[in-house]
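Enquirer: Please arrange chain B on chain A, whose structure you already have, making use of the hints.
Number of protein chains: 2
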Amino acid sequence: MAKAIPTRDEDYSLWYNELVKKAGLAENSQVRGCMVIKPYGFAIWEKMQQALDQMFKDTGHENAYFPLFIPKSFLSREADHVEGFAKECAVVTHYRLKTDESKKGVVVDPDARLEEELIIRPTSETVIWDSYKNWIQSYRDLPLKINQWANVVRWELRTRLFLRTAEFLWQEGHTAHATKQEAIEETELMLGVYADFVENFMAVPVIKGVKTASERFAGAVDTFCIEAMMQDKKALQAGTSHFLGQNFAKAFNVKFASKEGKEEFVWGTSWGVSTRLMGALIMAHSDDDGLVLPPKLAPIQVAVVPIYKTDEELSKITKVVNGLSSELKANGISVKYDDRDTHKPGWKFAEYELKGVPARIAIGPRDLENGTVEIARRDTKEKSTIALENVLNHITNLMEEMQTSIYDKALDFRTENTYQADSYEEFKKLVEKGFVYAHWDGTDETEEKIKEETKATIRCIPFDQKKEDGKCIFSGNPSTGRVLFAKAY
Amino acid sequence: MAKAIPTRDEDYSLWYNELVKKAGLAENSQVRGCMVIKPYGFAIWEKMQQALDQMFKDTGHENAYFPLFIPKSFLSREADHVEGFAKECAVVTHYRLKTDESKKGVVVDPDARLEEELIIRPTSETVIWDSYKNWIQSYRDLPLKINQWANVVRWELRTRLFLRTAEFLWQEGHTAHATKQEAIEETELMLGVYADFVENFMAVPVIKGVKTASERFAGAVDTFCIEAMMQDKKALQAGTSHFLGQNFAKAFNVKFASKEGKEEFVWGTSWGVSTRLMGALIMAHSDDDGLVLPPKLAPIQVAVVPIYKTDEELSKITKVVNGLSSELKANGISVKYDDRDTHKPGWKFAEYELKGVPARIAIGPRDLENGTVEIARRDTKEKSTIALENVLNHITNLMEEMQTSIYDKALDFRTENTYQADSYEEFKKLVEKGFVYAHWDGTDETEEKIKEETKATIRCIPFDQKKEDGKCIFSGNPSTGRVLFAKAY
Chain A
666 MAKAIPTRDE
676 DYSLWYNELV
686 KKAGLAENSQ
696 VRGCMVIKPY
706 GFAIWEKMQQ
716 ALDQMFKDTG
726 HENAYFPLFI
736 PKSFLSREAD
746 HVEGFAKECA
756 VVTHYRLKTD
766 ESKKGVVVDP
776 DARLEEELII
786 RPTSETVIWD
796 SYKNWIQSYR
806 DLPLKINQWA
816 NVVRWELRTR
826 LFLRTAEFLW
836 QEGHTAHATK
846 QEAIEETELM
856 LGVYADFVEN
866 FMAVPVIKGV
876 KTASERFAGA
886 VDTFCIEAMM
896 QDKKALQAGT
906 SHFLGQNFAK
916 AFNVKFASKE
926 GKEEFVWGTS
936 WGVSTRLMGA
946 LIMAHSDDDG
956 LVLPPKLAPI
966 QVAVVPIYKT
976 DEELSKITKV
986 VNGLSSELKA
996 NGISVKYDDR
1006 DTHKPGWKFA
1016 EYELKGVPAR
1026 IAIGPRDLEN
1036 GTVEIARRDT
1046 KEKSTIALEN
1056 VLNHITNLME
1066 EMQTSIYDKA
1076 LDFRTENTYQ
1086 ADSYEEFKKL
1096 VEKGFVYAHW
1106 DGTDETEEKI
1116 KEETKATIRC
1126 IPFDQKKEDG
1136 KCIFSGNPST
1146 GRVLFAKAY
Chain B
666 MAKAIPTRDE
676 DYSLWYNELV
686 KKAGLAENSQ
696 VRGCMVIKPY
706 GFAIWEKMQQ
716 ALDQMFKDTG
726 HENAYFPLFI
736 PKSFLSREAD
746 HVEGFAKECA
756 VVTHYRLKTD
766 ESKKGVVVDP
776 DARLEEELII
786 RPTSETVIWD
796 SYKNWIQSYR
806 DLPLKINQWA
816 NVVRWELRTR
826 LFLRTAEFLW
836 QEGHTAHATK
846 QEAIEETELM
856 LGVYADFVEN
866 FMAVPVIKGV
876 KTASERFAGA
886 VDTFCIEAMM
896 QDKKALQAGT
906 SHFLGQNFAK
916 AFNVKFASKE
926 GKEEFVWGTS
936 WGVSTRLMGA
946 LIMAHSDDDG
956 LVLPPKLAPI
966 QVAVVPIYKT
976 DEELSKITKV
986 VNGLSSELKA
996 NGISVKYDDR
1006 DTHKPGWKFA
1016 EYELKGVPAR
1026 IAIGPRDLEN
1036 GTVEIARRDT
1046 KEKSTIALEN
1056 VLNHITNLME
1066 EMQTSIYDKA
1076 LDFRTENTYQ
1086 ADSYEEFKKL
1096 VEKGFVYAHW
1106 DGTDETEEKI
1116 KEETKATIRC
1126 IPFDQKKEDG
1136 KCIFSGNPST
1146 GRVLFAKAY
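Protein chains in written order, with the numbering used here: chain A, 666 to 1154; chain B, 666 to 1154.
Be careful, since some hints might not be right.
Listed below are the simulated DSSO-like cross-link pairs for lysine-lysine, each with C-alpha atoms no more than 30 Å apart in a straight line [stated by the list, open to error]:
hint, chain 1, residue 1, chain 2, residue 2
1, A, Lys-810, A, Lys-686
2, B, Lys-927, A, Lys-687
3, A, Lys-769, B, Lys-687
4, B, Lys-686, A, Lys-722
5, B, Lys-1114, A, Lys-687
6, A, Lys-686, B, Lys-722
7, B, Lys-1093, B, Lys-1114
8, B, Lys-927, B, Lys-1001
9, A, Lys-763, B, Lys-798
10, B, Lys-712, A, Lys-961
11, B, Lys-722, B, Lys-920
12, B, Lys-1048, B, Lys-1098
13, B, Lys-686, A, Lys-984
14, A, Lys-712, B, Lys-722
15, A, Lys-686, A, Lys-1152
16, B, Lys-1001, B, Lys-687
17, B, Lys-722, A, Lys-1009
18, A, Lys-686, A, Lys-1001
19, A, Lys-686, A, Lys-961
These are calculated hints, taken from the structure and not from any lab test.
Next comes chain A alone, as it looks inside the complex (with noise of 0.2 Å):
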């Protein structure tokens, strides 16, 4: 691997950027903004997509699928919603393309406009709720929990590989419910569910709280989210999931009949995690020689190397790897037997390394000798030497040791860079350093101010805010508790 990234200090962004291609994640496609999620990449994708695939189904929801166009007349319907969404997206206007008549290709065919333009799904709140209408008559066809796991697009002007892409991969939750005290408990009951995913898949610690005003979803009236710090000290939003109230219900029209006979306004949620995610694994844990994955998520768990100069050499190592291999596989633990003759056994291992491979295991003659392996592991770059009648508890034991020690690195490094700031003065200096804790008066005006004169956003209020009256490091009027800021993502 003679392919070196930069370091993040050196250059953070472009540290991401180069790992993110270089571990053969994605890339930028030909279509401004639309990346190719790479193989290696949707493995990692795919193993997240299961884990909350099984979470979702645990907690009753059921997956469907709905059109990838929006009639542009369904848009407008909800208020908020179209003023939040109408200026970023992708509008089919034709179906159909005809030969140049100078014959160098292909151009619009004029007779082929559609008489209502369609918008590519930038979410589907609309597209579902008009589905929901037919749906719910009564009382008995509730709760909908419905899944979808989809293709988005928001046509963005800055876009990055996973954190900000025209294109993007997610899937949205949309349930209806009879009661706003159960829509509002399946909200934070699947804000639970991402911060669960986040913290015990990705090893990432979040903190979980509620959006201002401003920085709501277009169309709800609460939005949760989970908020995660990443190793520049930014915020990355990991995950939201909003209460809709009855806007979409009074948009579509979707009422029910309750149990005592009364029609009513059905009461809404919605929520989404998106390949984001990927961004939020990559920039919370890697390292200057590449990914550092945590052992639930990695595609590859173990990676054997094979050292030998002789064919006989690797062919008694190969007959003890497969052995091995076999039982770490019945043991549900990944391995990739790395035997090629055309790389160098150093050449392999800096790739596991910048593919995040949580162990490593080299075996050579005279580990053959002596009955062991050596393990290094990922994250610290640690190496043992190991029996082998030992390695399966090694390795079971190293996965799940590196699961949590990853995540308690995060953690801590969180806890390092989190300050409180009760000066304006002292926010300013503090905000560039993490996240800080301070009282705001409440108003959109001081969010804004703080914004534009720091760059630092209210990330949310927390759930665990404690009472504690204050004064607005901006205004200066009195707040009951500290809000969490920082730049983000």
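Expert: Quick look at chain B alone, frame taken from chain A:
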């Protein structure tokens, strides 16, 4: 379940449409030609996806994801390809909406016109080969065996749920090889995977063969296909695998350095199956009472319905059912216990018949006394009284037996409705009744004339075609073997 569907004899086409809707599989959306796949339909599609995905991985393929959008100019690079796909594609011309001045909604912002229009992918050869250009330099980078699960759009004029929709879900495999031979072997391998899946999971027998030139994929050298017979005796193309030769490699300039150091164009294949398979599954097996699902693809394999008058009876039944369910689930059988008090047992029986649940267990007070349950199988509607301790064994065998028996029934049906014709007069009569093997002179003209006059097409030149001298039924010109004709979906 008061919602009866028409019988197949009354109106086969209406029977299909109503079945799809009433069984909760799919419905039309407000967007012309785009369907909503409802949770029960999607659960079946998920089971298909899981089985196929595993088969692709077992044959050495990796998943990835390529952009939804294709620059208009890409389509034109391969002459046949653009000819085949330009006529029916959705075209994105703008990337923003703005508020209408008359305030009634939003309109396309004329200032946000794209420099080059984007096509919603009808298939992804062009965008993928454009990436392959950068991924392939040397023989060491080959073979490249990639699959993607995606939505695609083809602007069809007449659409039908699952069978032909503007947007559909599919997988598309795209592989690149160093030699022609290897690419042909891949094309055959994947057709074999499809045949294996359709026969052994969907329980639908297929005929493997090669398409005539006129039915070939636009841009392929050869298209292999599997063809299945539906209950109205029409053919349905269930999957295709294309040998692309060097067509896309040449169009996108994808070359590799061979072992000998020579620059050569890469050989390609592509292959796909889509949500159309849902249509095949439904039409091949279902009856006038609803769906008949092969156990391997049934989201619910066993539905349990309690029959009771008092709460005390229900609670005794529930206790027995809980034990039974655990036992079945522990053996990999999916079970749904339907103890809703909002519906009567008869309604539930009809509901599970409509939904094609392979086995239904009914259990009432007399069963409790006798230590038995009643098991009804969906395909034959036979009922048996089975002792509690034998239920697991009975159900396990029943699932296997039904899987085979549903396949055998479909195979018998196809055999009974397959003919040989030796004259055009005979052909015209027989092709109204099913599949017909007949001699053809190998020309486009004859194929086209027969299609015009009878609406029957050549489904394929079967792989197992017997060498047999004969005369073309239409032209009388010599032929060396029979091809398969049928009317088709």
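Enquirer: All hints are to be evaluated individually against the structure, with a verdict given for each.
Expert: Taking the hints in turn, this is what the structure says about them:
no., hint, in the structure
1, A:Lys-810 <-> A:Lys-686, "violated (37 Å)"
2, B:Lys-927 <-> A:Lys-687, "holds (27 Å)"
3, A:Lys-769 <-> B:Lys-687, "violated (49 Å)"
4, B:Lys-686 <-> A:Lys-722, "holds (24 Å)"
5, B:Lys-1114 <-> A:Lys-687, "violated (56 Å)"
6, A:Lys-686 <-> B:Lys-722, "holds (24 Å)"
7, B:Lys-1093 <-> B:Lys-1114, "holds (12 Å)"
8, B:Lys-927 <-> B:Lys-1001, "violated (62 Å)"
9, A:Lys-763 <-> B:Lys-798, "holds (27 Å)"
10, B:Lys-712 <-> A:Lys-961, "holds (24 Å)"
11, B:Lys-722 <-> B:Lys-920, "holds (26 Å)"
12, B:Lys-1048 <-> B:Lys-1098, "violated (34 Å)"
13, B:Lys-686 <-> A:Lys-984, "violated (57 Å)"
14, A:Lys-712 <-> B:Lys-722, "holds (14 Å)"
15, A:Lys-686 <-> A:Lys-1152, "holds (25 Å)"
16, B:Lys-1001 <-> B:Lys-687, "holds (19 Å)"
17, B:Lys-722 <-> A:Lys-1009, "holds (27 Å)"
18, A:Lys-686 <-> A:Lys-1001, "holds (22 Å)"
19, A:Lys-686 <-> A:Lys-961, "holds (22 Å)"
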